[in-house]
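Visitor: If you want the building blocks of each chain, they are given just below.
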Amino acid sequence: MNRIKYLSLLMLALLFLAACSGEKKNPKWLINEVMTNNQNNFTDDFGQHNPWIEIYNNTSRTQNLAGMFLTTDRNNPKMYPIPLGDVLTQIKPHQHALFWADGEPFHGTFHTNFKLDPEKENYIALYDVDGKTLLDEIVIPAGIPADKTYGYTVDGFKYDENGNVVAQQLERVTPSSNNEVVGENPKLVYLKEHDAEGVTITLTSMLVVFLGLILLYIVFRFIGNTAKNLSQQKAAKSGKLAAVRAQSQLSGEVLAAISAAIAELTEAEHDIESTILTINQVKRNYSPWSSKIYNLRQLPK
Amino acid sequence: MNTLLSIGDNLQTFWGYTGFANAEPGHIVMIVVGLIFIFLAVRYEFEPLLLIPIGFGMLIGNIPFNEAANLKVGIYEEGSVLNILYQGVVQGWYPPLIFLGIGAMTDFQSLIANPKLMLIGAAAQFGIFGAYIIALNVGFEPNQAGAIGIIGGADGPTAIFLSSKLAPNLMGAIAVSAYSYMALVPIIQPPFMRLLTTKKERVIRMKAPRVVSQTEKIMFPIIGLLLTTFLVPSGLPLLGMLFFGNLLKESGVTRRLAETARGPLIDTITILLGLTVGASTQATTFLTKQSVLVFGIGALSFIIATVAGILFVKFLNLLLKKENKINPLIGNSGVSAVPDSARISQVLGLEYDPSNYLLMHAMGPNVAGVIGSAVAAGIMLGFLG
Numbered sequence: 002m003n004r005i006k007y008l009s010l011l012m013l014a015l016l017f018l019a020a021c022s023g024e025k026k027n028p029k030w031l032i033n034e035v036m037t038n039n040q041n042n043f044t045d046d047f048g049q050h051n052p053w054i055e056i057y058n059n060t061s062r063t064q065n066l067a068g069m070f071l072t073t074d075r076n077n078p079k080m081y082p083i084p085l086g087d088v089l090t091q092i093k094p095h096q097h098a099l100f101w102a103d104g105e106p107f108h109g110t111f112h113t114n115f116k117l118d119p120e121k122e123n124y125i126a127l128y129d130v131d132g133k134t135l136l137d138e139i140v141i142p143a144g145i146p147a148d149k150t151y152g153y154t155v156d157g158f159k160y161d162e163n164g165n166v167v168a169q170q171l172e173r174v175t176p177s178s179n180n181e182v183v184g185e186n187p188k189l190v191y192l193k194e195h196d197a198e199g200v201t202i203t204l205t206s207m208l209v210v211f212l213g214l215i216l217l218y219i220v221f222r223f224i225g226n227t228a229k230n231l232s233q234q235k236a237a238k239s240g241k242l243a244a245v246r247a248q249s250q251l252s253g254e255v256l257a258a259i260s261a262a263i264a265e266l267t268e269a270e271h272d273i274e275s276t277i278l279t280i281n282q283v284k285r286n287y288s289p290w291s292s293k294i295y296n297l298r299q300l301p302k
Numbered sequence: 155m156n157t158l159l160s161i162g163d164n165l166q167t168f169w170g171y172t173g174f175a176n177a178e179p180g181h182i183v184m185i186v187v188g189l190i191f192i193f194l195a196v197r198y199e200f201e202p203l204l205l206i207p208i209g210f211g212m213l214i215g216n217i218p219f220n221e222a223a224n225l226k227v228g229i230y231e232e233g234s235v236l237n238i239l240y241q242g243v244v245q246g247w248y249p250p251l252i253f254l255g256i257g258a259m260t261d262f263q264s265l266i267a268n269p270k271l272m273l274i275g276a277a278a279q280f281g282i283f284g285a286y287i288i289a290l291n292v293g294f295e296p297n298q299a300g301a302i303g304i305i306g307g308a309d310g311p312t313a314i315f316l317s318s319k320l321a322p323n324l325m326g327a328i329a330v331s332a333y334s335y336m337a338l339v340p341i342i343q344p345p346f347m348r349l350l351t352t353k354k355e356r357v358i359r360m361k362a363p364r365v366v367s368q369t370e371k372i373m374f375p376i377i378g379l380l381l382t383t384f385l386v387p388s389g390l391p392l393l394g395m396l397f398f399g400n401l402l403k404e405s406g407v408t409r410r411l412a413e414t415a416r417g418p419l420i421d422t423i424t425i426l427l428g429l430t431v432g433a434s435t436q437a438t439t440f441l442t443k444q445s446v447l448v449f450g451i452g453a454l455s456f457i458i459a460t461v462a463g464i465l466f467v468k469f470l471n472l473l474l475k476k477e478n479k480i481n482p483l484i485g486n487s488g489v490s491a492v493p494d495s496a497r498i499s500q501v502l503g504l505e506y507d508p509s510n511y512l513l514m515h516a517m518g519p520n521v522a523g524v525i526g527s528a529v530a531a532g533i534m535l536g537f538l539g
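Protein chains in written order, with my numbering: chain A, 2 to 302; chain B, 155 to 539.
In short, the hints are calculated from the structure, not lab data. One or more hints might be untrue.
Restraint ranges, calculated between C-beta atoms of paired labels, are given here [what the hints assert, rightly or not]: (1) Val186(B) to Leu89(A): 52 to 58 Å; (2) Glu231(B) to Thr205(A): 53 to 59 Å; (3) Gly68(A) to Gln245(B): 28 to 34 Å; (4) Pro146(A) to Trp247(B): 49 to 55 Å; (5) Thr438(B) to Lys193(A): 29 to 35 Å; (6) Thr438(B) to Pro146(A): 51 to 57 Å; (7) Arg348(B) to Arg62(A): 52 to 58 Å; (8) Leu465(B) to Ala262(A): 39 to 45 Å; (9) Glu231(B) to Tyr124(A): 33 to 39 Å; (10) Thr205(A) to Gln245(B): 26 to 32 Å; (11) Ser61(A) to Glu231(B): 53 to 59 Å; (12) Arg348(B) to Ala197(A): 35 to 41 Å; (13) Lys193(A) to Phe384(B): 50 to 56 Å.
These numbers were taken from a predicted model, which means no experiment stands behind them. The beta-carbon is built from N, C-alpha and C at its ideal position, and this holds for glycine as well.
Let the hints inform the model, and build the full structure from the sequences given.
Guide: Next up, the structure:
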């Protein structure tokens, strides 16, 4: 039985370790989609066709791009500092920012001081405000056809299960919007197709509920037994009546009642009296810090 | 003459704004339901702390008014006072605060002393998933079915939390259904408890639970949090607050915080939650065929949960030694209507053996049910959210 307990605990520990094992994580900011050769596609506010870089906030909180750096040179991370003081650099959760790589920084916050060359391989990187921490990088191969983009099929997903980068030439051009158009929650679509009766999800969920509470059961059975053994050992060592009583299965009230009954039986000099035995549990939880006089306010009675 | 005409016009305009002019049969129906809730709470003391605020909320929410006039008085009108108070329900932050209070007032001692009772709390969650299957089969979408299923957990805050995430349009019906059936637990559960147990089983005496040390009580919320939320992180808002509240109680050094959590805080949130949930039953948006179905499935989910808990105890007894057998009358307590369902175990137990006190034993599965339903809600959120 003990062996089973220890094995269960070992399995639990392994489960935690397995859960903590490293897997490549998608970056918090992602260079999500890039067009290096814009001939007749999306136009900027000046009516010009220029290459563009789409950056995706891959978190569930609003993040600010201001002060970060965009670059196309590995040796010069601070090539284009994204200007401070523009509210539009605050990007909402899972939303995009579009930068025009037109070499015209005075056209606005979202116009970089560098250009992209469709004939060559383009390295693009985003650095944090310190200019040293690389947030994301992507290499766009040379020869991407005109008006086509390179990026990730699903927004925010840079790596596959094996940790490989999954960037590719995309079928659709989607500046400032999702690369994958999701009309309906994919989980629900899957469930409707594969588990229309709800039996599989029921069995899985019940398994998880049981697993969770069985884990608690195992741990607390173990802790309970350990606590019991420890207190027994302690009591045996001390040899004091109070210690033995403390680890007894009987509550203090029951022990007090038994003691009173024995006392009455052995020292019975009176008839039955109409008195009431009141047992007040002794509480020793007083501390000056929990004293009522230190309370900021009194609770209403 | 002109003055008289203009007074007439004014009165006519005024009439258009009154509740009488805007009343629809649905409003009257919901007002009657609200009055019944208040009657049940006052006359029979069925969950008065919930039914009074919900019942009165129903009255508030169903006072007819001219919705086209943009008076900003209705609960669904952005910027109205009721709408602002309702945000705690819509955004799902009232339920975790309620859980904080529940944690601070719950004694997990009986569960720690006899941890196998946790499994009964797990078995009763069949009510949730049974209702999920039924809801799917009557045509609800999986996310709606999940939100409806959680009624079977018999846990109002959890039901509100999950429905606000999965099916906000059904939240009013789900919340009212969950709280109504929780109040009706003394009527729903006993017939099935009698039906599924034999006379011999009903008089099983369980061993007195051992005395639990303070260290174990302190360890319970910490280990409970780590184990359950590592397994189901989506249950974090509820489980985190539940175990935090319990640590405030058991640590012994944060008495003031624990008292606030289980006293003024939970009372305040209960008032706001009950009132706004009641008011959300505005007839024009609430009285639909879907709401009626939700009520029907809700009742079934409570029955399934009760039956599953009792049958599981009977099954467990097949594996246990004679001296460790569990009285199946505590099987109903796996639903997390704390402490009502445990109280029912006690009352029924005493009916068959006047000296067999089951309350402490029943509290084990009862509080395990709270944990179980929060875990189940987390799973639902993970699968369907």
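Visitor: Each hint needs a verdict: does it hold in this structure or not?
Guide: So, going through the hints one by one against the coordinates:
{"no.": "1", "hint": "Val186(B) to Leu89(A): 52 to 58 Å", "verdict": "holds (54 Å)"}
{"no.": "2", "hint": "Glu231(B) to Thr205(A): 53 to 59 Å", "verdict": "violated (41 Å)"}
{"no.": "3", "hint": "Gly68(A) to Gln245(B): 28 to 34 Å", "verdict": "holds (31 Å)"}
{"no.": "4", "hint": "Pro146(A) to Trp247(B): 49 to 55 Å", "verdict": "holds (50 Å)"}
{"no.": "5", "hint": "Thr438(B) to Lys193(A): 29 to 35 Å", "verdict": "holds (30 Å)"}
{"no.": "6", "hint": "Thr438(B) to Pro146(A): 51 to 57 Å", "verdict": "holds (55 Å)"}
{"no.": "7", "hint": "Arg348(B) to Arg62(A): 52 to 58 Å", "verdict": "holds (54 Å)"}
{"no.": "8", "hint": "Leu465(B) to Ala262(A): 39 to 45 Å", "verdict": "holds (42 Å)"}
{"no.": "9", "hint": "Glu231(B) to Tyr124(A): 33 to 39 Å", "verdict": "violated (54 Å)"}
{"no.": "10", "hint": "Thr205(A) to Gln245(B): 26 to 32 Å", "verdict": "holds (29 Å)"}
{"no.": "11", "hint": "Ser61(A) to Glu231(B): 53 to 59 Å", "verdict": "violated (29 Å)"}
{"no.": "12", "hint": "Arg348(B) to Ala197(A): 35 to 41 Å", "verdict": "holds (36 Å)"}
{"no.": "13", "hint": "Lys193(A) to Phe384(B): 50 to 56 Å", "verdict": "violated (30 Å)"}
In terms of the numbered hints stated before, the structure departs from hints 2, 9, 11 and 13, listed from lowest to highest.
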